Each structure stands twice: as structure tokens, then as C-alpha cells.
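Here the protein sequences come in this chain order: A and G.
Read in this note's numbering, the first sequence has 17 at position 17, and its numbers run on one by one without any break.
Read in this note's numbering, the second sequence has 209 at position 209, and its numbers run on one by one without any break.
Hints were generated in silico from the structure; no laboratory data involved.
Mixed in with the good hints, there may be bad ones.
It does not matter which identical chain is used: a pair holds within one copy or between any two.
Computed cross-link-like contacts, DMTMM-like style, restricted to lysine to aspartate or glutamate with a CA-CA straight-line distance of at most 20 Å [stated by the list, open to error]:
1. K166 / D215
2. K166 / E22
3. K167 / E25
4. K11 / D154
5. K220 / E163
6. K18 / E127
7. K182 / D81
Model, not experiment: these values are computed from the prediction.
One letter stands for each residue in the lines below.
Number of protein chains: 2
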Amino acid sequence: MANEGIERCRKSFPFWEKLTNEERELLERNVSVVKYSKGENIHSGGTSCKGIMIIKSGSLRTYLLSEGGREVTLYRLYNGDVCVLSASCVLDYITFDVFVDAEEDSEVVIIGASAFQAVMNSNIYVECYAYKMIAESFSNVMWAVQQILFMSFDRRLANFLYEEMKKTGSDTVSLTHEQVAKYMGSAREVVTRMLKYFVNEGIVELSRGGIKIIDMHKLKRLL
Amino acid sequence: MANEGIERCRKSFPFWEKLTNEERELLERNVSVVKYSKGENIHSGGTSCKGIMIIKSGSLRTYLLSEGGREVTLYRLYNGDVCVLSASCVLDYITFDVFVDAEEDSEVVIIGASAFQAVMNSNIYVECYAYKMIAESFSNVMWAVQQILFMSFDRRLANFLYEEMKKTGSDTVSLTHEQVAKYMGSAREVVTRMLKYFVNEGIVELSRGGIKIIDMHKLKRLL
């Protein structure tokens, strides 16, 4: 398992070839491959600091959590993506907290935070890589923020359903209204009301199993 | 003027001492000191690319702009702060657009984008610095985003000030931050930070005597 993880690091991290033997050995000793079950919390803001992660399989969801328990999804990570906000404790310029959950059963390669920090301090290429990944996260987050702040809710919901369809390859989105609301940072009532509107427009059908898109053309017109 | 700008760069940029003579000369040839009038636009998303800036005096406001013309303030920059999102065109990992306006008459030291890019490509310390400043912006933005999305405390504080005003019939709330915090069941630091935010938004003025509401219209918009 660890060997597999090291192999993955070698392929994913462009800084790997810039490491000294010592640095490489330190990182390799702190590589692990971890399985998470669907729904499991992986990283909780300030209270945990897993380290830098590569997603091997499944998918992770990053989100903000309000004091009142409201969640706002920021972005998702899939096979091959790198998560660096889960090492935010060792990145001086990151002063906010995000949460990361497994959205499906997932497998993740992790380099522990303190080993990563040590190598980041000794090797500028590693530090530079980490902050570039932060900039990539920043761009992902800003996309979501603009969606939330500026888009009308019908467009946002249409986008959400369309993205879910593309992800799963099914014309049925198997989520409850409650779950859709949670992922979109909205309230269940708001989602239900808009879905009823979509039903009336002949865009979707609602069933116990979820939300079935019956007119792709109409859905796409909303995007 | 240019010499003054170069002196400022030398003091503000920790990478300055890591530059080769050639790199330093290239940057120095592309330093300028520019004045902006209150309200003037400095940077407009994808259509302009000023370069990296140091604020010498005055203040700048960074914001998002929707297609419909709605603005959302992200953060402000003051004397000594560095603005790197105004060089986002030369930062591969930044894919979103922000806008920057002068909020007062301001003076800014600018290193032109293409010279900065050339040196960033040849010198890892410069590249690393730019992405660290991006991470700092990210943290600033996330503070604002959480305020906006979770909208709890600013609304509560606005409500509190409004109720106090009605009660006393005065536009000044004669309470210390400590007292406000106590009445609201919050912490003094939280109240102070939010009041500073209100000051920046032009809603209140702070003095020894208390908190003076200077823009009732803006306050009411928060209720």
C-alpha cells in the first residue's frame, strides 16, 4: 500500500525530482494510503491537519460550515486531484478553515503534515508547489462564490442538476431535496419550490428515487 | 519618482535580494509610481493587467462584479499592502477576475506585468512570493465570503445599533465595544472587527463617545 502511495506521489508531484535524497526519504516514510467511507469527515477546519492529499478513487467535497451548522459547498475533488487545504495548518498565509468529506467511498494518498512542512521549509520548489495549488483552490472557490452571489436560483439549480448528470452518467439525480439544498448552500424549501417549477415547465419529474431530467434541451436553456 | 518606487520595492519585496543583477535591472526599468483619483478604476478583471502593486498612500477596494452590474466588496488595501491580483494575467493558476478601484486619492508603485512575468519565470523566489501573496488574498476573501454567506453577525450588529438609535433618539450609540458585546452575548474582538468593517463601508464612525451612525440608508440595508 505505501509503495503504491509513493509511486502516486512521484507521478503527481512535479517537485519530486527536485528533492534531495534525505527529503525524499522523509516524505516516503510519511506516505499512507487511507480509505474513507461515503459521508465520512476527512478534515475539519482548525481542529485537524491531515497533510497534503492525492485522490486515488471516489470523490471528496470541500465546504464551509457556519456556526449555525449551515454548509456551503466550495468544490469537489476527483481521481488525480490534489488537496492542499487539508494541510492549511502548515501554510502560514491560510487563515480560514474548510471542511472535507468523502462523498463516495474514497481512497486517498496522504503525506503527513509535519513531514510535508519540514520539506517545504527546506525546499523552495515544494513550498512554491503548495502555494500554486492554493491558487488553484482559490480559483475553484471563486467560481462557486460567484455562482452563489450572482446567479439566480433557477440557473444555479439547473447547473447543479446538469453537473450531477454529467458526473454520474444517469438522467436521474438520486438525491433528496434536503441533500441538494445542503450541497447548494440553500434551504430545502427553496429547492422544493424551484423543483416544482421545473416539473411544471416539463424539465424534470420527481419520484422517490430522485429527480429525473426529462427534457435536456429545456434544462440546457437555463444554464 | 521612479527612484522612490525602486526604494519601496526593495523594502517591500523579500525576493529583492535573491535577484540577479539582470533581473533587478529589468524590474527597475519597469517600476512606476502612479496617482489615482478617488473613485477611479485601476484594474478591470480580464481586460487589463497592470502588474504587481504596492500601495504608497490612500486606499484601494477589490471587488467582484456581476454581469448585471452588482458589486461585492472583497477586501481593501492600505499603505504598505501588496496587490498581486492586479497581475493575475501572468499567474497561470488564477482564472477569475476581480476589479480594483481607488477608494481615496491614492499613490501606487507598480511593476509592469510583463517584466514581472519574465522575472517570475527565471526566479523561483519571485514566483513563490507571488503565490504566497495570492494565498493571503484568498484568506482575506474567505473572511468576506463567510460574512456574506452566513450573514449572521453583521445583521445582528446592525439590528442592535438600529434598535439603540430608536430607543435613545440619538444617532450616536454611547456604549463601549465591551458593552455592545455583552448586550449581544458576543466577544469584544468580534464586535470590534465588525465595527471596523462598518467603518470601512461608511456606515459608522467610531469615537471616544461611542458609535455614530453616519449612513442610515446603508445600515437599514443590512437589517
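Hint by hint, here is what the structure shows:
no. : hint        : verdict
1   : K166 / D215 : within (15 Å within a copy, 48 Å between copies)
2   : K166 / E22  : neither (44 Å within a copy, 50 Å between copies)
3   : K167 / E25  : neither (37 Å within a copy, 51 Å between copies)
4   : K11 / D154  : neither (37 Å within a copy, 46 Å between copies)
5   : K220 / E163 : within (11 Å within a copy, 38 Å between copies)
6   : K18 / E127  : both (12 Å within a copy, 16 Å between copies)
7   : K182 / D81  : neither (23 Å within a copy, 37 Å between copies)
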